[in-house]
Amino acid sequence: MPSLREDGMAGERRTRGAFDSFLVWNRRVHYYLGLYLLFFIWLFAFTGLLLNHPRWQFAQFWPNRIQSTTEHTFESATTVADIDRARDVMRQLGIDGEVQWPAMQPPNGPFTFQVSRPGLVVDVKADLRAGRATVQRTQLNAWGVMHVLHTFTGTPAADSRNRRDWTLTTIWALSMDAVAVGLIVMVFGSYVMWFRLGTKRLGGIVALALGFISCGAFLGALRWLL
Amino acid sequence: MRRFYLITRDLHLYVGLFLSPFVLVFSVSVFYLVHGLAQRPAPERSASSRTVNDLVVPPGLAGMQGRARVDAIRPVLDQAGISGEVDFVRHLPGEHRLIVPVRLPNRDMVVSLDYEQRTATITSREHSISDALVYLHKMPGPHNADVRGNSPLMRWWRVLADATAYLTLFISVTGIYLWVALKAERRMGLVLVLAGAITFWGLVYAIAA
Numbered sequence: 108m109p110s111l112r113e114d115g116m117a118g119e120r121r122t123r124g125a126f127d128s129f130l131v132w133n134r135r136v137h138y139y140l141g142l143y144l145l146f147f148i149w150l151f152a153f154t155g156l157l158l159n160h161p162r163w164q165f166a167q168f169w170p171n172r173i174q175s176t177t178e179h180t181f182e183s184a185t186t187v188a189d190i191d192r193a194r195d196v197m198r199q200l201g202i203d204g205e206v207q208w209p210a211m212q213p214p215n216g217p218f219t220f221q222v223s224r225p226g227l228v229v230d231v232k233a234d235l236r237a238g239r240a241t242v243q244r245t246q247l248n249a250w251g252v253m254h255v256l257h258t259f260t261g262t263p264a265a266d267s268r269n270r271r272d273w274t275l276t277t278i279w280a281l282s283m284d285a286v287a288v289g290l291i292v293m294v295f296g297s298y299v300m301w302f303r304l305g306t307k308r309l310g311g312i313v314a315l316a317l318g319f320i321s322c323g324a325f326l327g328a329l330r331w332l333l
Numbered sequence: 656m657r658r659f660y661l662i663t664r665d666l667h668l669y670v671g672l673f674l675s676p677f678v679l680v681f682s683v684s685v686f687y688l689v690h691g692l693a694q695r696p697a698p699e700r701s702a703s704s705r706t707v708n709d710l711v712v713p714p715g716l717a718g719m720q721g722r723a724r725v726d727a728i729r730p731v732l733d734q735a736g737i738s739g740e741v742d743f744v745r746h747l748p749g750e751h752r753l754i755v756p757v758r759l760p761n762r763d764m765v766v767s768l769d770y771e772q773r774t775a776t777i778t779s780r781e782h783s784i785s786d787a788l789v790y791l792h793k794m795p796g797p798h799n800a801d802v803r804g805n806s807p808l809m810r811w812w813r814v815l816a817d818a819t820a821y822l823t824l825f826i827s828v829t830g831i832y833l834w835v836a837l838k839a840e841r842r843m844g845l846v847l848v849l850a851g852a853i854t855f856w857g858l859v860y861a862i863a864a
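Going line by line, the protein sequences match chains L and H. The opening position of the first sequence corresponds to residue 108 in the working numbering, with each subsequent residue numbered one higher. The opening position of the second sequence corresponds to residue 656 in the working numbering, with each subsequent residue numbered one higher.
Rather than coming from a laboratory, the hints here were simulated on the basis of the structure. These figures come from a predicted structure and were not determined experimentally. Where is the CB? At the ideal position from N, CA and C, for every residue including glycine.
To give an idea of the interface, some chain L residues facing chain H are shown, with a C-beta separation under 10 Å as derived from the structure: (1) Leu156; (2) Arg224; (3) Arg271; (4) Trp273.
Output of the computed footprint for chain H on chain L, the stretches with three or more beta carbons under 8 Å from beta carbons of chain H: (5) 131 to 143; (6) 285 to 292; (7) 298 to 312; (8) 317 to 324.
All chains should be built: construct the whole structure from the sequences, respecting the hints.
As structure tokens, this is what we get:
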């Protein structure tokens with residue numbers, strides 16, 4: 108029968124083993140997440156720069172857009188809900204994407220909506236009685252696609268009417284969430300790894316303090332400074 | 656080579672630690688942005704309103720346009736004790752007024768300046784931390800490019816937001832270098848890079864093609 112002291116030592120070994128295992132996996136998760144999310148991180152970092160520098164000439168996309176307008180006929184559906192009507196017209200015209208509604212439908216005018224996806228904006232004006240639609244397509248170049256990928260969430264913040272309604276928008280939005288979660292896990296994992304490096308602790312405290320002070324200043328403390 | 660590895664490892668560590676609060680701000684704000692969750696203040700102005708009299712208004716202010724008008728209005732805002740980024744300026748010629756929304760991450764103010772009477776009425780409201788995060792995430796952004804960066808706050812934030820993007824690219828490249836140096840992790844790492852590439856390009860193709 109093991110003594111109390113032996114029991115205590117075994118327990119300590121188990122705890123240390125679990126902690127060592129945590130440290131190994133924490134390190135691995137840091138590499139693995141970083142490598143798996145690499146292309147997403149590059150996209151969001153690079154397009155963040157593009158969004159903050161709209162005057163960079165090489166990345167201009169709006170002046171280089173290609174627009175075309177076409178007329179189509181379609182069979183009017185008997186559905187009542189606007190989204191079902193729009194989806195039915197889109198299906199018949201071969202359009203796919205996130206539906207965006209105007210602030211209001213013109214009274215007695217055509218049934219109007221916009222369909223968007225990164226690189227393509229389609230404005231549809233449909234005469235539901237006559238079964239005719241005018242479709243204006245605006246095609247963006249690769250810079251435009253990258254630009255929109257950064258902001259493509261399907262939910263304009265101040266617009267309760269426009270809700271995410273395309274499956275691929277939902278998947279893209281969830282992938283944005285996943286990238287954010289991955290980055291947060293990497294950050295906290297890096298704190299653990301850094302703290303274990305005794306000789307780097309002081310330099311790390313300085314770097315971390317500089318980061319938190321400069322970032323925190325913008326989150327509210329500036330009101331006491333300015 | 657060993658020296659280069661050690662320097663790269665230290666840079667990855669220290670740059671990463673400095674960058675980490677910014678990465679947290681941008682990452683946490685993603686949830687609010689993607690799902691429209693940020694707590695926005697009520698549309699009606701708060702009760703905190705004050706009037707400032709006897710302001711020195713630059714001549715010809717109302718007739719100015721764009722960045723020149725925003726720059727000219729800055730000393731007037733300083734006199735009224737208002738700091739922050741001017742969003743835009745709206746001129747109401749019939750009322751001899753300029754409406755100037757000014758924003759700090761955690762507060763916004765609307766200055767209604769009567770340039771004939773040289774008085775300004777200022778209303779303000781507080782924003783939640785989530786709204787402040789969202790604001791910082793979106794700023795300076797692509798809109799109103801000619802007036803954006805008209806306050807010291809936004810000029811500094813632009814530098815730091817850019818630095819966050821550049822340094823993120825930097826630590827991702829140094830991270831790849833440090834991973835390649837770990838022979839035991841090469842195979843698994845390569846699998847994950849490929850899996851990530853397939854996920855990324857597959858999604859982009861499905862959404863944009």
